[in-house]
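The opening residue of the sequence shown carries number 199 in this note's numbering; numbering runs sequentially from there.
Read the hints as simulated data drawn from the structure, not as lab findings.
Quick reminder that beta carbons are idealized off the backbone N, C-alpha and C, glycines included.
Be a bit skeptical, because a hint or two may be false.
Quick list of in silico lysine to any residue cross-link-like pairs, SDA-like style, CA-CA up to 20 Å [as the list claims (entries may be wrong)]: (1) LYS230 - SER240; (2) LYS207 - LEU299; (3) LYS207 - VAL411; (4) LYS508 - SER281; (5) LYS207 - SER406; (6) LYS207 - GLY258; (7) LYS347 - LEU543; (8) LYS529 - GLY499; (9) LYS508 - LYS529; (10) LYS284 - SER223; (11) LYS484 - ARG506; (12) LYS347 - GLU483; (13) LYS207 - GLN398; (14) LYS484 - GLY331; (15) LYS396 - SER410; (16) LYS508 - ARG482; (17) LYS396 - LYS347.
Here are the simulated distance ranges between beta carbons [unchecked claim]: (18) SER570 - GLN541: 42 to 50 Å; (19) LYS380 - PRO202: 26 to 34 Å; (20) ALA537 - GLU314: 55 to 63 Å; (21) LYS230 - SER279: 22 to 30 Å; (22) THR316 - PRO417: 47 to 55 Å; (23) GLN541 - GLU278: 53 to 61 Å; (24) LYS508 - GLU274: 31 to 39 Å; (25) SER305 - GLY421: 26 to 34 Å.
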Amino acid sequence: MTLPYAFEKQVALVAVRRACALTSSVFNRLVKNETLTKGDKSPVTVGDYSAQAVVNTILGRAFPADPIVGEEDAAEMRQESNSELKNRIIALANEALTAPLGPGETSDWGLGPGQERTPEELMDAIDRGGDQGGRTGRRWTLDPIDGTKGFLRGGQYAVCLALIVDGQVVLGLIGCPNLPVKSDEPDGRKGCIFVVVKGQGAEQVTLSGDRSVPLTIPPVVPGTLNFLESVEAAHADLAFNNRISELLNITRAPARMDSQAKYGCLARGDGGAYLRMPTGTGYREKIWDHASGSLLVEECGGVITDSRGKSLDFGLGRSLGENYGFIAAGKDVHGQVLAAVQQALAETTLLFVGFILAVLYVARAISSRFQSTKASLEQRGITLSRDGVSLKTEGRFDRDAYLDATQRGLVKALGAATVGSESHKHAFLPPADERQKHVFGVSLRRSHGNDERGEGH
Numbered sequence: 199m200t201l202p203y204a205f206e207k208q209v210a211l212v213a214v215r216r217a218c219a220l221t222s223s224v225f226n227r228l229v230k231n232e233t234l235t236k237g238d239k240s241p242v243t244v245g246d247y248s249a250q251a252v253v254n255t256i257l258g259r260a261f262p263a264d265p266i267v268g269e270e271d272a273a274e275m276r277q278e279s280n281s282e283l284k285n286r287i288i289a290l291a292n293e294a295l296t297a298p299l300g301p302g303e304t305s306d307w308g309l310g311p312g313q314e315r316t317p318e319e320l321m322d323a324i325d326r327g328g329d330q331g332g333r334t335g336r337r338w339t340l341d342p343i344d345g346t347k348g349f350l351r352g353g354q355y356a357v358c359l360a361l362i363v364d365g366q367v368v369l370g371l372i373g374c375p376n377l378p379v380k381s382d383e384p385d386g387r388k389g390c391i392f393v394v395v396k397g398q399g400a401e402q403v404t405l406s407g408d409r410s411v412p413l414t415i416p417p418v419v420p421g422t423l424n425f426l427e428s429v430e431a432a433h434a435d436l437a438f439n440n441r442i443s444e445l446l447n448i449t450r451a452p453a454r455m456d457s458q459a460k461y462g463c464l465a466r467g468d469g470g471a472y473l474r475m476p477t478g479t480g481y482r483e484k485i486w487d488h489a490s491g492s493l494l495v496e497e498c499g500g501v502i503t504d505s506r507g508k509s510l511d512f513g514l515g516r517s518l519g520e521n522y523g524f525i526a527a528g529k530d531v532h533g534q535v536l537a538a539v540q541q542a543l544a545e546t547t548l549l550f551v552g553f554i555l556a557v558l559y560v561a562r563a564i565s566s567r568f569q570s571t572k573a574s575l576e577q578r579g580i581t582l583s584r585d586g587v588s589l590k591t592e593g594r595f596d597r598d599a600y601l602d603a604t605q606r607g608l609v610k611a612l613g614a615a616t617v618g619s620e621s622h623k624h625a626f627l628p629p630a631d632e633r634q635k636h637v638f639g640v641s642l643r644r645s646h647g648n649d650e651r652g653e654g655h
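Produce the entire structure from the sequences given, and follow the hints as far as they go.
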């Protein structure tokens, strides 16, 4: 009896394996040997587009009716100004597609010698990734290079492919070309793919396909819990993660790496929990960044929720909507981590509210002091307004002497209201030649009726 999604799994494994080989080739040729410059749009662009062209070509031949939610489209590559970059992408994609057939591969999927595609066919394949997602039907989601900075560093990145049916992830693959096959042999053989099917468990296979290991998240030994985190501070709130470590009395340093490789490491026991809190409330996570990883955690006996304890919703479109923050861990520790996260979020909210109240208090105090000073000035015949300073006086006076006296009076009044320091009050004095023009940014307007009488403005 054939298991559900067996054919999809076979095709997806071939697609991810070929994409991993392609991206590794891009790194070795264009990053390691530094033959591509920033003016060429960087190796990430070449790797992203060429890998998506390969995967989408294979999926299009095997499942022509299935839409794909991808990260890239070919609009930019179709521009004449990008012809050189486009040619490089086409050459790399065709090189990957026409490589000799391997185990489990067939020419029916557009693979093998003689299966070269035209530039237009490859651009169309890239554009197949424009589906908007949704609650019904089946669709694939692809991230051809997840963890672009890790890719450029020669660190961890992943080729991530998942099948979503009616809003539920049913198949997921995470290809990690640079991840050690055995976690206890960091300098040993590298390159593995995490494969998971809903209801059928998960496994780790080598890129060559010669070794397969079933996966289960092991229980966390007390005192050994540590976090798997992103490398880049822009991708996750690392300071917030430090607070969670304090609340849980975690002393082990976090393991930091890019991409969904973190999900794979969690699944095989390389870390106790994966915590990803965004740096801002407006960011919306994309479904291709978590589809494969979320199913992998669940099928390995773990739990994944957002920071509010809600399940991730892959039926909303291209993003995960209101899911905010992600916590993935074994069943034995997920509840503890979630409680600590919610406590830290409550603390952050209290600090924010306290700050706002403090700002309002200071603003009210300044406003009150200003009104008091304004009233005092009005008793002396001086009125402050948006139009400047209005003054009323009787008799004749020396205008220069009046301006000088007004300057000193305002310095004393407003300086006491805002600074309260004799040294600071003098620091606000404008140059002598400016005193007849402005007092604290307020114009002293000449009377329109009589230059020597202060009646009117």
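Hints, one by one, checked against the model:
Taking the CA atoms of LYS230 and SER240, the gap is about 12 Å. The hint holds against a cut of 20 Å. Straight-line distance between C-alpha atoms of LYS207 and LEU299 comes to about 17 Å, which keeps the hinted pair within the 20 Å bound. Taken as a hint, the LYS207 and VAL411 pair is honoured in the structure, with Cα atoms around 16 Å apart against an allowance of 20 Å. Under the criterion of a C-alpha separation no larger than 20 Å, the hint pairing LYS508 with SER281 is inconsistent with the structure, at around 46 Å.
Taking the CA atoms of LYS207 and SER406, the gap is about 16 Å. The hint holds against a cut of 20 Å. Pair hint LYS207 plus GLY258 holds up; C-alpha atoms about 15 Å apart against a cutoff of 20 Å. Annotation: proposed proximity of LYS347 to LEU543 is violated, straight-line Cα distance about 29 Å (limit 20 Å). Restraint check for LYS529 and GLY499: satisfied, since their Cα atoms lie roughly 7 Å apart, inside the 20 Å limit.
Proximity of LYS508 to LYS529 is assessed by CA-CA distance (about 15 Å); at most 20 Å being required, the pair is judged to hold. Distance hint between LYS284 and SER223 is fulfilled; the C-alpha atoms sit about 17 Å from each other, no more than 20 Å. The straight-line distance between the Cα atoms of LYS484 and ARG506 is roughly 18 Å, inside the 20 Å bound, and the hint therefore holds. Among the hinted pairs, LYS347 with GLU483 is consistent with the structure: their alpha-carbon atoms are about 18 Å apart, no more than 20 Å.
Of the supplied pair hints, the one linking LYS207 and GLN398 holds, its CA atoms being roughly 11 Å apart against a limit of 20 Å. Between LYS484 and GLY331 the CA atoms are separated by roughly 11 Å; this keeps the pair inside 20 Å, and the hint holds. Pair hint LYS396 plus SER410 holds up; C-alpha atoms about 18 Å apart against a cutoff of 20 Å. With a C-alpha separation of about 15 Å, the suggested pair LYS508 and ARG482 falls inside the 20 Å cut-off, and the hint holds.
A C-alpha spacing of about 30 Å is found between LYS396 and LYS347, which places the hinted pair above 20 Å, so the restraint is violated. Range check, SER570 to GLN541: Cβ separation about 44 Å, and the 42 to 50 Å hint holds. A hinted range of 26 to 34 Å for the beta carbons of LYS380 and PRO202 is consistent with their spacing of about 31 Å. At about 56 Å, the CB distance of ALA537 to GLU314 agrees with the hint of 55 to 63 Å.
For LYS230 and SER279, the Cβ-Cβ distance of about 27 Å falls inside the hinted range of 22 to 30 Å, so the restraint holds. With their beta carbons about 54 Å apart, THR316 and PRO417 fall inside the hinted range of 47 to 55 Å. Separated by about 56 Å at the C-beta atoms, GLN541 and GLU278 satisfy the suggested range of 53 to 61 Å. A hinted range of 31 to 39 Å holds for the C-beta pair LYS508 and GLU274, which are about 36 Å apart.
Here the CB-CB span from SER305 to GLY421 is close to 55 Å, at odds with the stated 26 to 34 Å.
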